[in-house]
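Using the sequences and the hints, build the whole thing.
Just so you know, the sequences run in chain order A and B. The first sequence: position 19 = 370 (this note's numbering), numbered continuously. The second sequence: position 214 = 254 (this note's numbering), numbered continuously.
By construction, these hints were calculated from the structure, which means they are not laboratory data. The beta carbon of each residue, even a glycine, is placed where N, CA and C say it ideally should be. Accuracy of the hints is not assured; some may be wrong.
One side only, chain A facing chain B, incomplete, derived with CB under 8 Å [what the hints assert, rightly or not]:
1) Ala367
2) His385
3) Gly389
4) Lys396
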Amino acid sequence: MTEKKVTVPNRLGIHARPAALLVKAAAEYASDIHISFGGDRVNAKSIMGVMTLAACKGSELTIEADGPDEGEAVEALAAIVRDGFGEE
Amino acid sequence: MDSGRNDLSQRFDGTPGSPGIGIGPAFLLSVEELRISRRNLSGPGEVEKEIRRFDAALEDTREELRRLSKNVGDLIEGKQLVEIHMMLLDDPTIRRDVQDRIINDLVNAEYAVSQVLYEVLDRFSRMDDPYMRERAADVRDVGRRVMAQLMGSEREALLNLDHPVVLIGRDLDPSDTAGLDREKVQAFATDKGGRTSHTAILARSIGIPAVVGLREVAEYIQPGQTVIVDGIHGTVIIDPDDDQLRYYSELQERYRDTEENIARNATEPAVTEDGHKVELSANIEFSQEADQVRRYGGCGVGLFRTEFLKLLAPDGDDEETQYAAYRHVLETLSPEPVIIRTFDLGGDKFLSELEVSERNPFLGWRAIRVCQDRPELFEPQLRAILRASVLGNARLMIPMVTHVEQVVWIRKQLSSVADRLESEGHSVDRDMELGIMVETPAAALGIDLLLPYVDFVSLGTNDLTQYTLAVDRGSPYVANLFDPLHPTVLRQIDHVVRACHAAGKWVGICGQMAGDPLGVPLLLGFDLDELSVALTLIPDVKRMIRVMSMDGARDLASRALKLGSARRIRRLVLDFVIDRYPEVLLETVENGEEGE
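Pasting the structure below:
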């Protein structure tokens, strides 16, 4: 299993569009991917899960993956978050 | 279960909306706002079937969203929205949650979806971020689409019925009922509505049995379940047993026999025993009702109410919508006359754009008074009527006239609109007869002042009674004082008829009194040229006319005019009626329909 912590940098946090970006990226990988924040742990391939994380600016997320491509998966998702979802 | 008895049959009582019996599989409308009923599954076979149904609904919804996505074109926002909806649809946790519920709780797919939706929506509603809280709307929207697929309630399906159905819904929208296949739809049953709701009026007008005001029937019915709708008693039965089915099938047949009997009698002329012919025509509200006028034995339309054309389609293309309606009625009934009454808005019939606050709406801004102030409302109506006037025997009637200037104004409007239409290349009937409704003491007592400007007159006895006696029959405190047989009302009717005949003009009546067993002999005796009543009352009124003599009716009317109170007049007429058609008296008591 691979794990990485990353902080949400954009002003609006993970609202619908960022959530969609994460879920789309997660769907590219075979591994099981989860995101944890504030005691919640959700399936990164579930838009509902990611949206209901309600992660605002400054939230520290833990991205973990388990499977054949876990390393790439965690890195790809972490990069999207670090990049502020291409906003601002 | 060899006796065929089914303990699961459920019975609901509502308001009879339209008479008749309809039996068939349920077709559910407007799933929005519906609470979904829970059905317990019997075993693994059913579980598998429910999961398959759920997957199929997801696939169909995906297809629907793809189509939608094409339609939003290049709108970035729209595309993103559809994309998010699509992802919600593909969400693995939701799919797993629904499947788990079907498998573990042994419930139908609709129920499982609704439960999962509630949980998700609840999670959204507890989020701090208002933006995210709003995403709940997206979830709800997708959920609704899936649910609609599951419940097979797509509008398209409704328009392409291949078997008979009973329509079930919270309420029927005009958009739901537009273009309905009358051959396939056996009955309506709705949670909302009363006798005068759109659903009930429409059902009566096109002759489909209906029960309305059932409150919560829609949430107990599954698509395809057998439903009996008894529009005579206002009862709905879901999953009837064999005995109930047999009973209601017989009732259905009996009712159809009566209907055929009515149709047979319809061809008899409306002539008294001593050979006096009475013009008997119909009050209608929807253009489709014109198709039924001849079947019921009417000879034209004495009152075509047009308010609904406006109330049902407040934003539509006025002129064209109305033209289509007038055209249909005129062409269907040509060469018989069709009296089109211009908008009687205000009073108790409001358009939201016209809503004003008045202490006495019935003494306020209504009917011709509104039309005079709102050319944007009235002109399209005059244009539509004038354009349709060449297609049949059209007559124009103005409600609530009290002042001569109002009639003069209408004449001017008519001729200038006609000029404009002709310059645009339309042909119009410049000789179309113009009449007024006499429904105020001002018009009745001043009929001689108005007659020079009009071709005919029609009495509206409900309003005439209300304004004469100063009684609002909607008020339980004074409703008992409301009586069209009051001497002062009868005197005005007599006065108006004499004045009209002296001036060589014809005079009819389109009020409720014309369909009242006690009203008919009096009106006949007063020499009214035309009686116009609700479609379904035509056969009854015709039967009354055929069993009395004109001499008897005239004698009755003149004796009534000498009596000093409504009560004594009522007793006099009652005796007259009991001698001649006691059975009609009993039957029509429950059948009273709104008139003017």
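Right, here's what the structure says about each hint:
Hint status for Ala367 of chain A: holds, given a least beta-carbon distance of 6 Å to chain B, under 8 Å. Because the smallest distance between the Cβ of His385 of chain A and any Cβ of chain B comes to about 11 Å, over 8 Å, the interface hint for this residue is violated. This hint is violated: Gly389 of chain A has a C-beta 12 Å from the nearest C-beta of chain B, more than the 8 Å allowed. At its closest, the beta carbon of Lys396 of chain A sits 6 Å from a beta carbon of chain B; the interface hint therefore holds under the 8 Å criterion.
Taken one by one, the earlier hints fail for this structure at numbers 2, 3, listed in ascending order.
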